[in-house]
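Enquirer: Sequence:
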Amino acid sequence: MTETTPGNNRPRRKPRIAANPIPYWIRDGKVDKSKEAFDQAFADLAHIGFTAVKADVPEGMPASAYADWIGSYGLAASLSLFSSPFDETIDIVDEVERAKRFAADQVALGLDRTMVSSMAIPARMAHPAVGADYDQDRFDLAVENCGIVCQVLQSEGLRPLHHSHVGGVFETEDEITRLLDTLGPDIIGVGPDTGHLRWAGVDPAAFIRRYADRIGGIHIKDCFADFLDPATRTEQGYRELSATKRLWAEAGRGVVDFDAVVAAMPEDYDGDYMLEVDEPSVDSRRDSYEFLFKWARQTLPIGRL
Numbered sequence: 431m432t433e434t435t436p437g438n439n440r441p442r443r444k445p446r447i448a449a450n451p452i453p454y455w456i457r458d459g460k461v462d463k464s465k466e467a468f469d470q471a472f473a474d475l476a477h478i479g480f481t482a483v484k485a486d487v488p489e490g491m492p493a494s495a496y497a498d499w500i501g502s503y504g505l506a507a508s509l510s511l512f513s514s515p516f517d518e519t520i521d522i523v524d525e526v527e528r529a530k531r532f533a534a535d536q537v538a539l540g541l542d543r544t545m546v547s548s549m550a551i552p553a554r555m556a557h558p559a560v561g562a563d564y565d566q567d568r569f570d571l572a573v574e575n576c577g578i579v580c581q582v583l584q585s586e587g588l589r590p591l592h593h594s595h596v597g598g599v600f601e602t603e604d605e606i607t608r609l610l611d612t613l614g615p616d617i618i619g620v621g622p623d624t625g626h627l628r629w630a631g632v633d634p635a636a637f638i639r640r641y642a643d644r645i646g647g648i649h650i651k652d653c654f655a656d657f658l659d660p661a662t663r664t665e666q667g668y669r670e671l672s673a674t675k676r677l678w679a680e681a682g683r684g685v686v687d688f689d690a691v692v693a694a695m696p697e698d699y700d701g702d703y704m705l706e707v708d709e710p711s712v713d714s715r716r717d718s719y720e721f722l723f724k725w726a727r728q729t730l731p732i733g734r735l
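Residue numbers for the sequence shown follow the working numbering, beginning at 431 and rising by one.
In short, the hints are calculated from the structure, not lab data. Each statement offered as a hint is correct.
Heads up, simulated BS3-like pairs for lysine-lysine below, C-alpha to C-alpha not over 30 Å straight-line:
id : residue 1 : residue 2
1  : 724       : 465
2  : 463       : 484
3  : 484       : 724
4  : 463       : 724
5  : 465       : 530
6  : 460       : 530
7  : 460       : 484
8  : 465       : 484
9  : 444       : 484
10 : 444       : 530
11 : 460       : 724
12 : 675       : 465
13 : 530       : 484
14 : 463       : 675
15 : 484       : 675
16 : 530       : 463
17 : 444       : 724
18 : 675       : 460
19 : 675       : 724
Construct the entire structure; sequences and hints are all you get.
Expert: Shown next as structure tokens:
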């Protein structure tokens with residue numbers, strides 16, 4: 431959906447409330463990206479009132495078939511995510527080809543941007559949100575590889591946006607800002623995740639203000655206070671902490687200051703607000719997303735459009 435920007439005839443995209451249905455396809459720590467899992471997610475999201483969903487095209491499915499599939503539920507494609515370790519474990523030639531295939535699908539769905547994220551270093555999954563097992567050579571290589579992939583995505587028609595994610599090579603505030611400042615705005619924009627930033631000790635609103643001119647997307651996520659202090663995590667890793675249902679929270683139930691986040695967002699923001707909760711704090715996935723949708727309509731700027 432677009433609207434005309436005052437003072438000129440250029441259309442401006444109208445932000446939507448979108449959903450990333452992670453808990454529908456990750457169950458008990460196992461990935462299940464089956465048609466049945468997504469059908470349940472799409473049915474629930476459409477019933478709740480969502481009109482856009484993260485573009486997650488199954489391997490081997492043509493983009494046109496995917497568009498028809500989600501369209502049958504009244505849903506449209508929204509901002510997706512290209513994920514890579516970006517470190518010594520990848521072959522950059524293979525990664526470039528994968529990025530081209532990914533971009534082709536996204537562009538065919540009518541999208542002009544994508545999140546780009548690094549995940550997951552084993553040591554950081556075991557000891558998350560503190561920059562565990564830092565290695566300068568790995569970091570430098572990851573910055574170089576990320577820059578290569580971003581330039582490929584741009585050449586294929588997608589604007590890359592760095593997406594902060596605990597467990598990856600760009601985890602702490604220092605690592606994230608060094609990546610962004612090294613590559614610069616011509617190579618990579620910013621697509622923050624409020625929950626992952628907050629858990630890693632970063633103030634999401636301050637971070638958004640710092641990079642306001644590069645914001646092209648955002649994931650709206652919250653976290654509880656229980657595990658903000660590294661001393662409270664004992665020997666539990668990322669997956670174990672998530673399973674407690676006291677790590678990730680539905681937006682508005684945790685510690686993220688969303689009034690400050692909304693105030694920090696640029697006035698001309700034209701991306702979607704993607705809601706997600708990796709592990710719902712309640713037993714019902716549908717109840718979790720119903721709460722999120724109602725909260726978003728009351729809290730986010732989209733709710734007043």
